[in-house]
Amino acid sequence: MDRRLHALAEQLDAHLISRREFLRRSAIVTGSAAAGLHVLGSMAHAQGPKLRVWLFKSYVTAGNDILAKQVEAWAAERKVQVEFDWATFGDREQKFVAAVEAGNPPDIAEMNYQGPMRYRPALRDVTKLAKDLAAARGGMLPFAERVVQLDGQYSGIPRLVFGGGLHIRKDLVAEKGLKMPKVYDPDVLDVARKCQDPSKDLWGFGQTLNRCDDGNGFMQNILWDYGGGTWDKDGKPALATTFLKQNLAAIQFAVDTIQKHKVQPPGVMSWTDVSNNEAYMAGKLVCTNNGASLYYAMGAKNHPLYDKTQVLLTPGGPAGAFVASNPYTWGLFKASKHAELTEDLVRWVEDEKRFEEYMKACSGQAGPVYKVRAEHPYWKTNPNYEGMLQNILRGVWIGYPGPITPAAIEVQAQYILCDMGGRIVVGGLSPEAALKEAHKRVEEIHRIRSRA
Amino acid sequence: MAISTARLPGALTQRPQRGGLRRVLGPDHRMGYLFVTPIVLFVLSLVAYPFGYALYLSLTHKLVGLPPVFVGFENYIRLSADGFFQRAVVNSAIFTFGSVGFKLVLGVVMALVLTSNIRWRSFWTGVLLIPWVAPTVVSALNFLWIFDGSLGVLNYLLVRVFRILPQGVGWLSEPHTAMASVIAVNIWRGFPFFGISFLAGMKAIPVELYEAAAVDGAGMLQRFRHVTLPGLKNIMIIVVLLSTIWTFNDFQIVYILTKGGPGGTTMVMPVLTYETAFGAQRLGEAIAVALYLLPLLAITIMVLARYMRKGRKR
Chain A
1 MDRRLHALAE QLDAHLISRR EFLRRSAIVT GSAAAGLHVL GSMAHAQGPK LRVWLFKSYV
61 TAGNDILAKQ VEAWAAERKV QVEFDWATFG DREQKFVAAV EAGNPPDIAE MNYQGPMRYR
121 PALRDVTKLA KDLAAARGGM LPFAERVVQL DGQYSGIPRL VFGGGLHIRK DLVAEKGLKM
181 PKVYDPDVLD VARKCQDPSK DLWGFGQTLN RCDDGNGFMQ NILWDYGGGT WDKDGKPALA
241 TTFLKQNLAA IQFAVDTIQK HKVQPPGVMS WTDVSNNEAY MAGKLVCTNN GASLYYAMGA
301 KNHPLYDKTQ VLLTPGGPAG AFVASNPYTW GLFKASKHAE LTEDLVRWVE DEKRFEEYMK
361 ACSGQAGPVY KVRAEHPYWK TNPNYEGMLQ NILRGVWIGY PGPITPAAIE VQAQYILCDM
421 GGRIVVGGLS PEAALKEAHK RVEEIHRIRS RA
Chain B
1 MAISTARLPG ALTQRPQRGG LRRVLGPDHR MGYLFVTPIV LFVLSLVAYP FGYALYLSLT
61 HKLVGLPPVF VGFENYIRLS ADGFFQRAVV NSAIFTFGSV GFKLVLGVVM ALVLTSNIRW
121 RSFWTGVLLI PWVAPTVVSA LNFLWIFDGS LGVLNYLLVR VFRILPQGVG WLSEPHTAMA
181 SVIAVNIWRG FPFFGISFLA GMKAIPVELY EAAAVDGAGM LQRFRHVTLP GLKNIMIIVV
241 LLSTIWTFND FQIVYILTKG GPGGTTMVMP VLTYETAFGA QRLGEAIAVA LYLLPLLAIT
301 IMVLARYMRK GRKR
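Protein chains in written order, with our numbering: chain A, 1 to 452; chain B, 1 to 314.
Be careful, since some hints might not be right.
Said to hold, decoys possible - According to the in silico footprint, chain B covers these stretches of chain A (three or more CB under 8 Å from chain B):
#, region
1, 267–279
2, 409–419
3, 422–431
Unchecked claim - Under the rule of at most 20 Å between Cα atoms (straight-line distance), these lysine to aspartate or glutamate pairs were calculated in the EDC-like manner:
#, chain 1, residue 1, chain 2, residue 2
4, A, Lys-79, A, Glu-340
5, A, Lys-308, A, Asp-171
6, A, Lys-436, B, Asp-82
7, A, Lys-440, B, Asp-82
8, A, Lys-128, A, Asp-351
9, A, Lys-334, A, Glu-83
10, A, Lys-95, A, Asp-213
11, A, Lys-182, A, Asp-256
12, A, Lys-440, B, Glu-74
Since the hints were made in silico from the structure, they are not lab data.
A quick note: this is a predicted structure, and the numbers were derived from the prediction, not measured.
Think of the CB as a built atom: it goes at the ideal place given N, C-alpha and C, for glycine as much as any other residue.
Construct the entire structure; sequences and hints are all you get.
Right under this line is the structure:
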């Protein structure tokens, strides 16, 4: 309670003032407080409009700091108030779902590749802005265009793709006189078998099939590597139909790394996205697929394995080497009352000088989505960055060889492919039975999403 | 003592002239409505409305950002035929009853130990309460590290220190150990609640009953069986009932440790609800998952409650 009201109440209790007097004075106090709040509100309004900005908190903290500073600089320049909110892997989608459903989304948000498709009903058409930015930067790279554009309408602005690749201990490979692997079978298996030493808890390959982004990425890539996939070129489910034979071979290989070849550490099926980073940095892995955050973390900590690590192109299979390049994007929400300001903010942070500052702090994580950025000399400053760049440039999109669709996104979001691997390794199903089970789930998702 | 109404003053014997409600509820019934209305509105707005709306949404096809489309019982029918959902139901039953069973036994043991003549009883009571007091998220994250196949302390102890196993075990990644591990964490976290409740119940049992039983020649086990257990019966029912509901709805432990994986081995209903809502972003179906077993839980609660009331009457 306000201390003045409290004092008045005490005076009333002590019969120092009458009830009428108490009511009169308390009305004055309350009225003046309300008026004060109104004045404060007016002052706040005089400071300019307020924008709610949601940013993605990546593991590359130096990049987060730079982006935040750039947004703050823009706010100071435009006399705008900014309310920041950060979300990361574990809480990002929940926040978006809650905000969209409550009709209270932020004005602008940094989303992952799923955002433009999933939150399309709540996102503003930013076709003109997207085309302007792309035109000034030599055009959008194909995978980025696919993610933000549907039927000619752009629902997001691509920002970056996480660079990454196969992080491998070049010291161990050299010690055994082996060549750097290009394909999983036999190259990676060969390196893994010859370099590992289970008695010292050193394992050849660290790649979970568990429900996480790392598991999802590997399972999707390996199907493509063997000439298979989840979707056919028309965007129809193809796990256990069109690509049954290829997918069977792919999934058999993935499972064999654990069960037959025994090059993966115990517990790999329970790993989350950070587990392989931790195991690699603890010196327990010969190689692992990961984003650039692992390389960044080792560099930032002056880790002894930083200089002993080479980042290679993600290995491939009989049909080639495939990776999904999944860009992070800016989403501008329809509910915002400051459409022009949000577009202005995107132009500000996507300015080439500012993006360069950000990119250089990200140790290969801020991969290009525009052609001009792919030609930046930064990518040649470190052989590992060059590997990450090439990995991005050959990237395809979720849904490949068909179009990217809400159903393709949902299959990723529900970890259907990870469950498929888990059902074989842990559930004891045959690869064919697991494929058919997963196919049924994919068909169901396709049916539901098609209806929507 | 019988009182003849003929002798009472007229004002007391006069029956209400009009208004059935006034006659039934008393002369101040309008004021009664006034007092009750706020709480009724409060309950309606905070419980009945959200529940009713959730029920409605479960009968719709509702995707994030799009309006719901009424589909009747389609979500429930589809779930009934969904193998992944069926496994989640079975997993939930194993997780719930496995955990509650062990917690019940451990709780009784804990209460018996704490009622015996041990030294530093208060200290041990405090120590045993730590799992219950510690935030679940913190406990679960600690166990995630303990169970880690490569860097976990459990494998380190078993392989390096005590040399019991030649190689580490993937506690959260093997078919048999994954569910056992999440159950173990739930037991660790939940048994102090059982123990402390039973401890309170045991202290309420009159000492004379034990003395009488001892005089009749009852041994320790017989005293436990014929005095302690009947004395704890009602508390046991309440505690088991509450724990069944809490364990069935436990999300944090399973989600943090396994996210329902690997391969759905530990997928329980709350995690499936969460995954359907935020992963698939199908809100109608997610609510249907959450409500699917509600009638069964409600019946269980009613049966147990009736049983308790019967016990009290006897």
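Hint check:
1. 267–279: holds (count 9)
2. 409–419: holds (count 6)
3. 422–431: holds (count 7)
4. A:Lys-79 <-> A:Glu-340: holds (14 Å)
5. A:Lys-308 <-> A:Asp-171: holds (6 Å)
6. A:Lys-436 <-> B:Asp-82: holds (14 Å)
7. A:Lys-440 <-> B:Asp-82: Status holds; Cα separation ~10 Å.
8. A:Lys-128 <-> A:Asp-351: OK: Lys-128 of chain A and Asp-351 of chain A at ~16 Å, within 20 Å.
9. A:Lys-334 <-> A:Glu-83: holds (18 Å)
10. A:Lys-95 <-> A:Asp-213: Given that 20 Å is the threshold and the Cα spacing comes to 18 Å, the pair holds.
11. A:Lys-182 <-> A:Asp-256: Distance ~18 Å between Lys-182 of chain A and Asp-256 of chain A Cα, so the pair holds.
12. A:Lys-440 <-> B:Glu-74: holds (17 Å)
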